[in-house]
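Residue numbers (the working numbering), protein chains in the order written: chain A, 1 to 119; chain B, 120 to 1006.
In short, the hints are calculated from the structure, not lab data.
Keep in mind that the hints are not guaranteed to be accurate.
Here are the simulated DMTMM-like cross-link-like pairs (lysine to aspartate or glutamate), alpha carbons at most 20 angstroms apart as the crow flies [claimed, not checked]:
hint: 1; chain 1: B; residue 1: K903; chain 2: B; residue 2: E945
hint: 2; chain 1: B; residue 1: K766; chain 2: B; residue 2: E945
hint: 3; chain 1: B; residue 1: K903; chain 2: A; residue 2: D10
hint: 4; chain 1: B; residue 1: K800; chain 2: A; residue 2: D106
hint: 5; chain 1: B; residue 1: K903; chain 2: B; residue 2: E879
hint: 6; chain 1: B; residue 1: K800; chain 2: A; residue 2: E16
hint: 7; chain 1: B; residue 1: K774; chain 2: B; residue 2: E945
hint: 8; chain 1: B; residue 1: K800; chain 2: A; residue 2: E109
hint: 9; chain 1: B; residue 1: K800; chain 2: A; residue 2: E25
The calculated label-pair distances, taken between Cβ atoms and stated as ranges, are [claimed, not checked]:
hint: 10; chain 1: A; residue 1: L31; chain 2: B; residue 2: Q759; range: 22 to 30 angstroms
hint: 11; chain 1: A; residue 1: L31; chain 2: B; residue 2: L770; range: 34 to 42 angstroms
hint: 12; chain 1: B; residue 1: L827; chain 2: A; residue 2: P12; range: 18 to 26 angstroms
All of these numbers come straight from a predicted model, not from anything done at the bench.
Quick reminder that beta carbons are idealized off the backbone N, C-alpha and C, glycines included.
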Amino acid sequence: MKMDILMIEDEPNIAEAVRFLLSREGWQVGLHADGAGAIEAIRAATPRLVILDLMLPHRSGTQILDDLRAEGDAALAATPVLMLTARGQSAEAGARADEVLAKPFDNDELRQTVRRMLP
Amino acid sequence: MPFEALLATCLAYVALMFGVAYAADRAAARGHVRWLDHPLVYTMSLSVYCSAWTFYGAVGYASRSGLEFATIYLGPTLVFTAAWWGLRRLVRVARMHHVTSVADLISARFGKSNRLAAIVTLIAVIASTPYIALQLQSVRLSFEVFATNAPNGPEINGALGGTALWVAAGLALFTILFGTRNLAADERHHGVVTAIALEAVVKLVAFIALGVFVVWGLADGPGDMLDRIARTAADPQVAEGWLLKPDRWTALILVSAAAILTLPRMFQVMVVEAADEERLHVAGWAFPAYLFAMSLFVLPIAVMGRELLPAGSNPDLYVLTLPAAAGQDMLALLVFLGGFSAATSMVVVCAIAVATMVSNHWLVPAWLALRRIPSPDETDDLRGFVLNARRMAILAVMAAGWVYHQASGGTAALAAMGLVAFTGMAQVLPAMLGGLLWRGANRKGAYAGIGSGLVLWMALIFLPSVGVGGDLPVPPGVDPWTAAVMASLIVNTLAFIGMSIFGFPDPVERLQGLSFVSAVEPIRHSRMMRGDDRAEPLLAMARKVWGAEAALRYFQAEARAQGRSGYLPDLTPRFLTRLERRLAGSIGSATAHAMIDRVAGGVALTVADLLQVADEAQRAKEETQRLEAAQAELTRTARQLREANDKLTDLSVQKDAFLSQISHELRTPMTSVRAFSEILKEPDLTPEDRSRFAGIIHTEAGRLTRLLDDLLDLSVLESGRAQLNVSVVNLHDLITRALAAASATRPERGFLIDRDLPAEHLGLITDPDRLLQVLINVITNARKYCDAAHPVLILRTRRPETGGAVIDIVDNGSGIDSGRQSLIFEKFARLNDPARAGGAGLGLAICREIMLTLGGDISYLPGQGGAAFRITLPQRPPASAGSEPPA
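Here chain A stands alone, though its shape is the one from the complex (with noise of 0.2 angstroms):
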């Protein structure tokens, strides 16, 4: 079955944190904690939306949103992605994504623009 979101996140207490939050509200929500690997994941699941930490082990987060727009797959390409950023310049990495967050985050702001960002 299709996923609805697929979280890419190191932290896994934010992981379990986001996860709890957007499995209470009904989304199907995979998870997978390092860099490498996270685009085969991406396309293994070809989810609904992705949440992206920007700073992952191995590979960053707007590397991978830079693998992932250069997709072959049309649909997959223009899979909607949430950047999560711990880090104070969140403009210049979210202006690729469709959607920033910066850590700390109100869960409420997070759970709102999940919803508008699902399709």
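Dock chain B against chain A, hints included.
Frame of chain A, contents of chain B only:
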């Protein structure tokens, strides 16, 4: 006086002159020229006129011919008084044209003809050689006077033969040392001038002292002296000689007046060495006064010599023999030194002046003719050649004087040789005066005048004086010498005037003549006139200097000012002068002059021009080197600034990266804490979830605290403000405590600990808590990251020869990639999976800061199989860190 003592006195005196000249040159080089430039020093240097001939010979002259000797002093006195304005004009014009000698003056005036200068140089050489010989002879004779008193006569006579040679050699050395130090355009020699001024004082003091002794010591005062003079004059033996001969007086006054202007050594000290014409104000009265003082006692000494000394004594040596015969040895010695001064100063200045002429007008032109015109970049070569030429010329002049002295056998009367030189150089006078006073004088006239004068002087005066040919056949009652002098000078002057009137001066001469006669700055001379096609290459040259646009603009403006259309002006002298001056502003005047000449083919370059080019090229080169040094300095400063800026930028980038990293490290736990604390507020959570989420909040809050602690720690350590609490520690105890503390990390991993216990018992002074922190950190890292199935931790401790301790901590895991080994001590350099690390990556950075604070270090040891760290410690921390160790 013993010969040896006399010789020693001479040597001491010569050494003094060397010292004075050296000191004056040094002072001048340092710019201390105030006293050196005093008009009295200048005046005293003029006394080089009073050579050994006047010092010794005047008395001899007076004993033979009575008051006639005074003419030698009257001529110069007239020049300095009656013709003072003319003298000033001469100095002004000569300095304006940077004239270096009397030959150069004549050449410059008459169209910069080097051939004319070469002829004047020839006269100077012929006239100066016997004159220098005369000075050497006087030194030799004065030695002889003392040496005859010595017991072993013949040997001394042998030594005397060498005296002239040694004197000539010593003077050549002096002249080369102080006369050819530089090639400066104004050719001043402070050292030589100062030494000569001092010698002038010695001369004067010696002569006055002798005169006072004669008048008040030997005679009974001035009244008695006058009586004796009157008695001698009445003596029929001398009456004929003492008769006043108006024709001879006229000729002698004329010749000595000419001599003061034309003698090479006089021109040198009076014109070339003059800083400006203002010093002539003092010299105008002081020099005649000096001459008067020098002449005052001549007649009394001559009369007293005749009376007291045995018949047949050489009157030329009365000044020496008179005090010696009276038993006044010290006075005689003083007089001897006075005569020595007169001879040496004359020889030195004469050698400089003649050598300058010989090198500038004979050697250098010959060399240039062989080498074509040098371009400015060859001028170094030229400078060296000119200086060497001058040195060679000095040696040659000295050698000629000595050879002449040896060959002549020193028989001729001193005064005769001096007069020969005077009359020779006097042949230049018509051309010199005419050139200064009469615009119509031209080169052909100068050739004719100087040439005929030279021939007549040679035939009628010089050759007879050396025993070749006879006196001029004259009617009885006419003095043959006077006739010869007047004949040569009259023919000379008439030829000069005649050829000047009938000849036609070329434009160069006319312009130089205008400049000399009106004493105005010379204007650029040129043969080129209206419509000359050489304007185009001049424009091309100006383009190279100023750039195309500026050069064209200038030429157009000049053409417009001449009322011409187009961009090429007529090559009028006015235009060329303006162009040259403008070019000189860019490339220096001599180079500008040379360039215009080369392009426009005006007149041939003179030696003076080339010397000036050489000087300017040298100056330009030095300036360039100076500029290059300044440029290099600027470049260095710029590079340093750039490096500093790069460093600041790096630091700024690092700071941004660091802040961004801190932001990330802080926000990450805060995100969990915030999210879960909000979740906890939700009502429908299971108790298990609630408890688990609370646990996460607790963990993440702890992580935040640790991070903040680490950051604070690091900031304190990095700022150097960390306080050390040092004590004597045993490393064994610290390692044991560190292992115990670290065992709490991943306690499930059973590590095999390999220690060398006896070696661990090392005592040193350090901060135990800080060292423990490092040990725990390193051991904890090993426990966290060692990926071996059966992990082993090896600890080895030893004391190096330099004291302190080295602790190696090695595990058997896969270690750290070589590429990242250098990064692990950087802040936030967490390498492995952060989930396993649980830290922000500040641990090793803190360790390194601690170790540096303790005066030691921590480094990664590559190639040990697993991760390996080496901790080095000094015996005690550096004095600058922390507090004092307990006593």
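Hints and how they fare:
Using a Cα cut-off of 20 angstroms, the hinted pair B/K903 and B/E945 holds, with the two alpha carbons roughly 19 angstroms apart. About 17 angstroms separates the Cα atoms of B/K766 and B/E945, which keeps this hinted pair within 20 angstroms; it holds. For the hint linking B/K903 to A/D10, the alpha-carbon distance of about 18 angstroms falls within 20 angstroms, and the restraint holds. Taken as a hint, the B/K800 and A/D106 pair is honoured in the structure, with Cα atoms around 13 angstroms apart against an allowance of 20 angstroms.
Our distance criterion of 20 angstroms between C-alpha atoms is broken by B/K903 and B/E879, whose separation comes to about 24 angstroms. For a cut-off of 20 angstroms, the pair hint linking B/K800 to A/E16 stands: about 17 angstroms separates their Cα positions. Of the supplied pair hints, the one linking B/K774 and B/E945 holds, its CA atoms being roughly 13 angstroms apart against a limit of 20 angstroms. Taking the CA atoms of B/K800 and A/E109, the gap is near 16 angstroms; set against the 20 angstroms cutoff, the hint holds.
Taking the CA atoms of B/K800 and A/E25, the gap is about 16 angstroms. The hint holds against a cut of 20 angstroms. A hinted range of 22 to 30 angstroms for the beta carbons of A/L31 and B/Q759 is inconsistent with their spacing of about 53 angstroms. At about 39 angstroms, the CB distance of A/L31 to B/L770 agrees with the hint of 34 to 42 angstroms. The given range of 18 to 26 angstroms is respected by B/L827 and A/P12, whose C-beta atoms sit roughly 22 angstroms from each other.
Hints 5, 10 from the list above are not met by this structure, while the remaining hints are.
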